[in-house]
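Enquirer: Chain order of the listed sequences is A and B. Mapping of the first sequence onto the UniProt record's numbering: position 25 corresponds to residue 25, and the numbering continues sequentially without gaps. Mapping of the second sequence onto the UniProt record's numbering: position 318 corresponds to residue 318, and the numbering continues sequentially without gaps.
Don't take every hint at face value.
[Claimed, not checked] Straight-line C-alpha distance at most 27 Å; calculated DSS-like pairs for lysine-lysine:
#  : chain 1 : residue 1 : chain 2 : residue 2
1  : B       : Lys58     : A       : Lys64
2  : A       : Lys142    : A       : Lys179
3  : A       : Lys30     : A       : Lys142
4  : B       : Lys201    : B       : Lys246
5  : B       : Lys93     : A       : Lys108
6  : B       : Lys191    : B       : Lys238
7  : A       : Lys58     : B       : Lys108
8  : A       : Lys108    : B       : Lys191
9  : B       : Lys271    : B       : Lys238
10 : A       : Lys58     : A       : Lys30
11 : B       : Lys3      : A       : Lys4
12 : A       : Lys58     : B       : Lys238
13 : A       : Lys109    : B       : Lys58
14 : B       : Lys64     : A       : Lys3
15 : B       : Lys61     : B       : Lys320
16 : A       : Lys58     : A       : Lys36
17 : A       : Lys319    : B       : Lys3
18 : A       : Lys58     : B       : Lys3
Worth flagging that the hints you see were computed from the coordinates, not collected in a lab.
2 protein chains.
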Amino acid sequence: MNKKVSIKDIAQAVGVSTALVSYVLNNKEKEARVGKEIAQVIRDTAADLGYQPNQLAKSLKTGKSHTFGLIVADISNPFFANLARNVEDEAQKFNYTVLFASADESPKKSQNLINMLTERQVDGFIIAPAENSQNQIEALLKNNIPLVLIDRYFKGLETNYVVTNNYESAYNAVSHLIKVGHKHIGMIAYKTDLVHMLERKRGYIEALKDHKLLKAKTPLIKTVDFDFTQDDVEAAIKALKVQNPKMEAVFFATNTLTLKGLKALNNMNWKVPDDIAIVCFDESEAFDFFYSPLTYIEQPLLEMGRKAVQVLIKNISDKKSTHTQLSIPSKLIVRQSCGSDKAEVR
Amino acid sequence: MNKKVSIKDIAQAVGVSTALVSYVLNNKEKEARVGKEIAQVIRDTAADLGYQPNQLAKSLKTGKSHTFGLIVADISNPFFANLARNVEDEAQKFNYTVLFASADESPKKSQNLINMLTERQVDGFIIAPAENSQNQIEALLKNNIPLVLIDRYFKGLETNYVVTNNYESAYNAVSHLIKVGHKHIGMIAYKTDLVHMLERKRGYIEALKDHKLLKAKTPLIKTVDFDFTQDDVEAAIKALKVQNPKMEAVFFATNTLTLKGLKALNNMNWKVPDDIAIVCFDESEAFDFFYSPLTYIEQPLLEMGRKAVQVLIKNISDKKSTHTQLSIPSKLIVRQSCGSDKAEVR
DNA sequence: CTGAAAGCGCTTACAG
DNA sequence: CTGAAAGCGCTTACAG
């Protein structure tokens, strides 16, 4: 056997029209009031022939592909890989297939992927938008294509989104450092205007302000380019130390920044938490193995993945639905890198 | 604008047949000898209207979806996530889109995913096959569907595959332990009949044999179930130690086993490499941060991903092509967990 | 150089 | 209860 079997083959084998076969195989026998026996014969024949419906033809006819696109920055980043897995599982519950793609924070790649997926007739998108891709999102919106942003969003753009409560998470993490006794706290972020990063910075600044610890005119923040190296992070740390020689703690804004940062600290031979206390946004398997297990912000990956799918599917089935904007709380996991075992999880 | 623009809309706007539009937009003007001016008008109009071809319709007509399925055990496992990324990038070079899916080592899930992807008319598959899924692979083969196995394969099954040279890699790693002076070496694997694991075990055994270190009738190997916990691994390590109280080194067969294993060792308070030397198959970001940086086998992820795509695409374009079976060398990255800094990378 | 027409594999009013 | 027919958006021989 080589040629694929179609509805027509079944119709011929049974001796009925393709319409009947279609009705039966889609369980619309009652609506179409198909005979009970003939329905069974059709079913049996389909099974015998090993019939597998052609979803492409189905989609072309119905205008629904039961498919959506998930565009992330990089599927090999554990944050996105885990998110993707949760999205995959949730989508499956609704009988949706997800097409993954990595845009590498590049608006050009992002646009290419959106085009590619649109041409494949995805019913909607879940996107962790790259910087400077706001116009792409707006274009999708204008074309009335269902979508939900994830991890990041654009201020003032009316869309669905599902994100971690970045501001509060950062605020809490920095407040924890303060509570534990640190007064001179720096922050390392990467260069971007994306809201999630701005919110993390804002959380950092406000926490300091509220504790009367923001004295200098310029906050103790350094940013590195998106494709930073360990050396870049090391340079940033050193620059902070120059800016404020009393710096005793650093808040890292992402898991990748932290990973490079820890290597840089090892390289510089600064001990955690004695020479420098650490707290970081997002997690990594590696944090468990650092000699001073890290205190970190655990993002709600499972809930984010699930909600994103649910919101998208709601939007697909009801294109006029109002926007859903979710900012989900994280959890601060307190361990040893801030220099205190006594503080408890809040 | 809401309704999608089709080739028909362009044809009407320009005042030609849809055939012409199709030829021009597919750059087949010379074959069809379309007029130069009219071709330009068609192109301009297409651009003006924001035309995006419907790939589904195209695929339905041509019988090629320019799509393939990638089925792995779990996309959130860094090994597969990295592999997936390399596959994605390589596929894109050939203008292919990849549909990812996770089968969780379950033959039932695997079959569901294969069906789903087949119905979506993928042109081929790249599969890290689950245990007991051999019949599924055979079915695909019988239906003449292009496919390449990755990471694992089935002995005696005539298919394309691209894997790490598991036997040699394991052999080298264990030989390294021996060279460094260890005589009583255990191995922790997970329970499966999949070839990659059998090969790793065989490499371990042969290395010991060749060095006259395999004395006991039963080799010093313990296996845990696929969904093992840290406690399972700890129990396995202890059992090995009971079996041979002189055990001084352990070879872990995967990255996940190693991660749980290291936590178990910490929990038991065994020091690496003094109480126990370690070498492991596959890598993890975490290994860099363990107090005794791990010696590990670095798998050729980039080459595996690339080759798999290339072999698949060759098979798609030439269904009669002979099978390509690649076993790619790994690299042993020597660091401190085996108890010697002197040994160099081989 | 260009158009009419068939067909990919489905679904779904419509008619009987 | 069942069939004939149109049509989703394309491609591609075929005829002129």
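Enquirer: Which numbered hints are broken by the structure, listed smallest first?
Expert: 2, 3, 8, 11, 12
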